[in-house]
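A.B. asks: Read off the chains here:
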Amino acid sequence: MSAPTIPVPGEGRELRSSRGRLRQTLSKAPIYVLLSLGAAFALIPFVWMVSTALKTPGQLFKFPPEWIPNPVAWTNFAEAWTALPFGAMVLNSVFVTTLAMVGELCSAAIVAYGFARFQFRFRNALFLLMLSTMMLPWVVTLIPSFLIWKQAGLINTFDPLTVGALFAWGPFYIFLLRQFFLGVSRDIEEAAIIDGANALQVLWYVMLPLVRPVLLAVAVLSFQGNWNNFRGALIYLQEPLTRFTLPLGLQFFQATLSAGEAPRWHLMMAMSSLMVIPVMILFFLAQRQFIEGIQLGGVKG
Amino acid sequence: MIQWYAETLLRYGVVAAAIVGVMLLTYRGLRAAGVRREAATGFTLILPWFLGFLIWNLFPLAASLYLSLTNYNILQTPEWVGLANYQKLIGEDQQFWASLRLTLAYAALTVPLGLALSLLAATLLNQGVRGVGVWRTVYYLPAVLPAFVTALLWRLMLLPTQSGLVNTATEPIWSLFGDKGPRWFLDPNTVLWGFVIMSFWGVFGANTVIMLAGLKNIPKDLYDAAEVDGAGLAAKFRHITIPQLTPTLFYLLIMGIIAGVQIFDQGLFVRVPRENFLNVYLYTQGFTFFNMGYASAIGWLMLVIILVMTLAVFRSSQAWVYYEGDVRR
Amino acid sequence: MNTRSMRLAGLTAAMSLLITACGAAESTPSGSASSPSGSAPPTGQAPAEKVTFRLTTWAGEGEAAELQELVLDKINASQDEFEIIHEAAPADYYTKLQTALAGGTGADFMWLSQEYVAGYASRGALLDLTEPLAGIDSAVANVDRYFPDVMQTALYQDRVYGLPWISQPIVLYYNPELFDAAGIAYPDATWDWDTFAETAEALTKDTDGDGTPDQYGFSANGWPPVHMFIWQAGGEVITPDLKSSPIDSPEAIAGAEFYKRLIFNAACCPTEDTIAEQGFSEMFKAGTVAMFMGGASDTFESADGEALDIRAAVVPMGPESRTTFAWTGSTVVNATVENPELAVKALVALTEGIQRWKIVSPNMDLATADVILASFPEKWQAQKSQQVDAILEATKDMRSFNVIPRQQEWDDLFWREFQDLLYHDQGTASDLAAAARANLEALLP
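Chains as they are written, first to last, in the numbering used here: chain E, 1 to 301; chain A, 1 to 329; chain C, 1 to 445.
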């Protein structure tokens with residue numbers, strides 16, 4: 001049993017002695033309380049979603065609302081799954097998300113590095129230009145964008161949902177990575193350059209490892225964004241149903257405009273519950289990397 | 001199905017190779033033209049975005065600007081009207097102004113509040129609590145739920161009747177005023193507050209994850225050194241955490257403004273009694289009323305507004321944002 | 001490592017790939033593998049290809065499956081000339097539709113609800129069907145065999161632009177148990193506005209003594225449309241010649257004021273808050289509301305999924321008439337369709353199929369009790385049999401809106417500057433109507 005290490009705020013180091021551990025846990029009691037409050041809050045919609053997923057259509061809008069349906073309709077999951085070609089849709093979603101994610105990550109890292117570490121003419125103006133592309137509402141650019149893809153003859157393919165990612169279509173991520181790159185001290189970088197590394201090597205071997213937390217954040221967000229992308233799929237995919245991605249398929253359970261048709265909420269929630277799982281798994285895996293944080297030493301002179 | 005994947009994969013690979021090719025070409029061309037190494041490298045590195053801009057953004061930007069100067073009903077060719085749309089918007093359109101006020105008020109309230117809440121949540125999730133992985137995953141869960149799930153839930157929670165959780169839980173406060181509590185989304189005067197409360201939901205999501213990444217990026221030895229100097233929690237927070245966090249805060253602030261002013265989905269799911277958000281108004285004008293030219297004008301006004309706000313934040317950033325890597329201007 | 005030659009090689013490779021990329025992109029066909037819409041097969045090919053027509057609708061999962069099974073499969077199997085494929089857009093329907101039309105990838109057949117046909121027709125997006133239909137010998141193609149007040153929603157400037165496939169008249173559904181418990185006679189054809197309002201009030205009770213009613217006689221929240229009551233009083237919101245919006249006429253005011261007497265009025269109907277809480281139609285199904293005005297194809301089931309005992313009667317008689325509102329939608333044809341003659345033929349077949357599937361058919365020949373009942377699954381037979389007489393009776397008095405090209409803006413204004421204010425006690429019907437009329441008429445063609 002070695003000497004207890006000094007607890008540092010913001011780190012996950014636990015005391016080695018069991019009595020010290022208990023003390024530390026108690027001293028964190030207020031944190032646990034706050035965390036629990038927030039977590040309860042966070043879980044409510046999920047519980048509601050799963051609860052709705054297990055209801056029969058008649059129970060859906062019962063008032064007062066029931067949290068635990070009785071009887072529990074487990075068959076909803078099977079029914080939802082077979083109502084539409086969800087097997088195909090899952091594969092499509094995986095395909096589109098993987099391609100888009102890889103494209104986004106790679107291109108965003110490269111472009112962010114360019115904006116962060118290199119001085120060139122018009123750099124700031126271009127950066128601002130890049131930000132401006134996020135400021136024009138999607139409604140206004142939808143039709144012109146559609147026309148571009150139409151010209152390329154790529155309507156009703158997966159290209160509009162994937163190929164654009166190679167061009168770093170998310171200033172969102174470029175901006176974020178740029179911020180973190182700017183926060184990296186120049187010392188290591190300059191050492192690597194003196195050693196003869198070119199820009200891409202510096203990026204890969206030096207910069208990226210130093211901003212690992214945000215890389216993982218970007219990975220999770222990128223996955224989530226593409227996995228749940230509904231509007232793109234709606235506009236660019238026409239038919240057949242087996243071409244659709246999950247979020248689009250989900251919309252089929254909505255109310256239709258024809259009067260008299262009730263929304264099939266229970267099936268929609270069943271599929272939504274399933275759709276959530278991959279993202280949560282990815283998140284759980286990624287955030288584990290947040291435990292260590294960045295490496296000690298060598299960062300500041 | 002395999003055929004669809006193969007086709008897209010092929011084009012994807014080809015485009016990736018093409019981008020690399022253009023980058024190589026550009027670099028060599030710039031260097032040959034005498035551009036110094038740093039500038040050539042920098043520009044080459046941002047080329048993927050720049051190419052994308054030329055292909056995917058330039059035309060829509062230009063086209064939407066052009067359309068804003070026309071009457072365009074989507075189904076027929078646009079008809080030039082010059083600045084008429086803008087004049088009507090600014091001079092006569094009451095709904096536009098009401099919508100603008102609502103949207104700006106929303107952004108002004110939710111952006112700072114959201115930042116504060118995200119910081120609080122991220123700090124909590126950064127403490128060495130047991131099972132922190134599970135806590136974080138639970139906190140992230142709302143962000144991945146479909147938007148209509150949370151919208152529906154909020155509609156229920158903010159009901160002005162007994163079954164509305166919020167009003168029931170805060171009943172003691174309202175009864176002090178002899179009131180039954182605000183009617184939230186059913187009352188035009190309290191709609192904004194309903195949306196503000198709904199925006200707290202955003203704490204469970206991207207902002208907190210990013211804030212957490214920012215916290216994780218602060219070198220431990222800074223804290224260690226401060227500890228040795230005898231600094232307490234508050235001092236560490238003020239002198240280490242916050243300054244180190246400013247690049248992240250800067251990002252979240254700007255993104256918050258950009259996203260906040262363009263709020264859309266929430267405005268659709270809730271049946272809003274009177275004016276709705278700008279982006280929803282724009283959508284209605286464009287796709288429901290066949291006034292896409294007018295909608296484009298609204299869009300460009302929005303862009304200008306957001307740009308002005310963003311520039312202001314950029315200007316101010318020199319005073320409060322601290323980059324470890326010393327940004328050379 | 002000869003970086004230079006490597007780079008050169010990479011460059012050449014990239015350039016050639018770039019060129020092939022452009023070529024590949026342009027030659028890749030868009031859409032499905034079948035031949036481009038509406039085009040005739042090139043002469044000289046041995047087996048004649050079926051022409052493919054694309055139909056886009058807003059049908060959700062259940063409806064889309066029915067459409068495919070009950071309508072499209074049969075049509076496609078029964079002849080060799082054409083094939084109709086279905087492209088569903090179950091959310092943001094009009095956004096997707098307009099984007100596709102703007103981009104030139106619009107489908108050949110489209111569903112439009114009644115408020116849109118004039119708008120699309122006046123903007124040149126639709127094919128004029130008047131001549132082609134006249135050349136087809138079928139009841140479905142015969143414009144005169146449709147209920148005239150429903151057919152007119154598919155007309156624009158007296159030319160036919162679509163074929164309606166449904167007309168859902170509103171009937172008065174009621175819960176016989178609540179009537180029995182109160183000892184009140186069921187609604188029938190003798191009812192007028194006063195009887196209706198008084199009965200609604202009589203059926204609104206506070207059964208548990210807490211000061212708020214637990215049972216209501218009727219429920220309204222903007223549905224049913226106030227237009228219905230204005231028509232019943234002899235007024236118009238948009239005149240048939242589309243030249244004026246006399247919403248401040250005494251008749252129109254009478255209709256609006258009657259509606260105001262009902263909506264959100266706790267003496268007979270649930271308040272806005274209660275409806276937000278318990279759901280509009282859900283309250284009726286839960287047995288908390290005694291009467292409900294709904295479309296002919298509405299079905300009502302209990303929380304356990306059982307079909308409820310709900311009956312129907314015609315809506316109460318207004319001062320001038322018993323006019324009831326009919327929701328209707330039409331299938332229209334894209335103006336750019338290739339092979340228009342065959343397209344119209346396919347449209348007729350499609351419409352007939354849908355008219356047999358949806359009730360009530362807007363075609364008088366198909367608006368019979370048999371067809372109506374046949375379109376419901378077994379579960380609803382008992383419920384619908386009780387209602388079918390009232391439904392058929394209602395078709396005699398049904399009509400739809402008079403639609404203008406800028407209908408959506410008109411509707412939005414009518415709600416914002418008149419209805420919304422009126423129902424929330426922000427003015428009297430006469431004042432509000434007088435104030436709103438000018439703006440409304442500015443939108444008329």
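Note that these hints are calculated values from the structure, not bench results. One should not assume that every hint holds.
Here are the simulated DSBU-like cross-link-like pairs (lysine-lysine), alpha carbons at most 30 Å apart as the crow flies [said to hold, decoys possible]:
| no. | chain 1 | residue 1 | chain 2 | residue 2 |
| --- | --- | --- | --- | --- |
| 1 | A | K220 | E | K28 |
| 2 | C | K379 | C | K74 |
| 3 | E | K150 | C | K243 |
| 4 | A | K88 | C | K243 |
| 5 | E | K28 | A | K236 |
What the simulated footprint calls covered on chain C by chain E, stretch by stretch (three residues with Cβ under 8 Å from a Cβ of chain E suffice, anywhere in the stretch; the number is not a length) [said to hold, decoys possible]:
| no. | region |
| --- | --- |
| 6 | 76-87 |
| 7 | 297-311 |
Between beta-carbon pairs, the in silico distance windows are [claimed, not checked]:
| no. | chain 1 | residue 1 | chain 2 | residue 2 | range |
| --- | --- | --- | --- | --- | --- |
| 8 | C | A438 | E | T82 | 54 to 60 Å |
| 9 | A | A84 | C | A77 | 50 to 56 Å |
| 10 | C | E441 | E | W74 | 53 to 59 Å |
| 11 | C | K50 | E | V94 | 24 to 30 Å |
| 12 | A | W174 | C | E378 | 49 to 55 Å |
| 13 | A | V196 | C | P240 | 44 to 50 Å |
| 14 | E | A78 | C | A77 | 52 to 58 Å |
| 15 | A | R28 | E | P209 | 27 to 33 Å |
| 16 | A | M1 | C | E69 | 21 to 27 Å |
| 17 | E | L200 | A | E227 | 34 to 40 Å |
| 18 | C | E378 | E | R288 | 25 to 31 Å |
| 19 | A | F177 | E | R288 | 46 to 52 Å |
All C-beta atoms, glycine included, are put in the ideal place defined by N, C-alpha and C.
A.B. asks: Against the structure shown, which of the earlier numbered hints fail to hold, in ascending order?
C.D. replies: The structure breaks hints 3, 11, 14 and 18; every other hint is satisfied.
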